[in-house]
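Peer 1: Sequence:
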Amino acid sequence: MEDTMAAVAKEISNKYGRLDMLVSSSGVLHIPDQMEPEPKLANVDPKNLMFAYRVNAVGPILVAKHMMPLLKKGLGEGTERGGAVVANITCKMASLRDNLLGGWYSYRASKASLNQFTKTLAVECQRRKENVICVVIHPGVVDTELSKPYQRDIPPEKLFTPETSAEKLVEILDSLKPEDSGKFFSYTRQEIPW
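181 is the number of the first residue of the sequence shown in the working numbering; add one for each residue after it.
Among the hints, a few may not be true.
Below, a list of computed lysine-lysine pairs in the DSSO-like style, where the Cα atoms sit at most 27 Å apart [stated by the list, open to error]:
1. 190 with 272
2. 253 with 338
3. 363 with 348
4. 357 with 253
5. 299 with 245
6. 357 with 328
7. 363 with 272
8. 190 with 252
9. 357 with 299
10. 272 with 338
11. 220 with 253
12. 272 with 357
13. 227 with 309
14. 309 with 245
15. 363 with 338
16. 253 with 328
17. 348 with 299
18. 220 with 252
19. 195 with 253
20. 357 with 252
21. 227 with 245
22. 338 with 245
23. 245 with 357
24. 272 with 195
25. 338 with 328
26. 357 with 309
27. 245 with 272
28. 220 with 272
29. 299 with 190
30. 272 with 227
31. 245 with 190
32. 195 with 245
33. 309 with 190
34. 252 with 309
35. 363 with 299
36. 309 with 299
For each label pair, taking beta carbons as the anchor points, the in silico distance ranges come out as [to be verified]:
37. 216 with 181: 17 to 27 Å
38. 220 with 331: 17 to 27 Å
39. 222 with 190: 39 to 49 Å
40. 255 with 194: 47 to 57 Å
If you are wondering where the hints come from, they were derived from the structure by calculation, not from laboratory data. We put the beta carbon where it would ideally sit given N, CA and C, even for glycine.
Whenever a hint applies, use it, and build me the whole structure from the sequences.
Peer 2: Written out as structure tokens, the structure reads:
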């Protein structure tokens, strides 16, 4: 996996010399007939837990690791950012404070890990005075295969097409400033508590 990431970083370096923005949107919640969200602790399966962790947390942070040399050269041209952005797509369910329903252990925990990885990267970039803004963004409920089995209780105005979600994310990404680094945002740009 890391060999592929290193090869992609090299290709970007050769072609562009820098990277202004990295958006990682990976997520696994269920796989039909193999993996379902766990409604209670008794349903937690170590194989599924580790798979969710690799996809939802480890993959995005390793991509950031390999892209960081290019991101440090990113300029954020045409924006007020003055640097590059790492934006990892997370979910509100990964907020410890917002967890009022429980369940979905693998998904919640792996996305919470992604949030911690991103916050830690933000602190490192700030400490080293690197002009890279690192955030996590909850895109809302997007009409994708990930959410399809769980959409029945979602009001139509809260179920976004991928295009609408992307537009909302671009608005947030374009408005980021250095002081936003290390924050957890909703698709409305409201800050979500960790």
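Peer 1: Going through the numbered hints above, which ones does this structure break? Give me the numbers in ascending order.
Peer 2: 1, 2, 6, 11, 13, 16, 18, 22, 24 and 40
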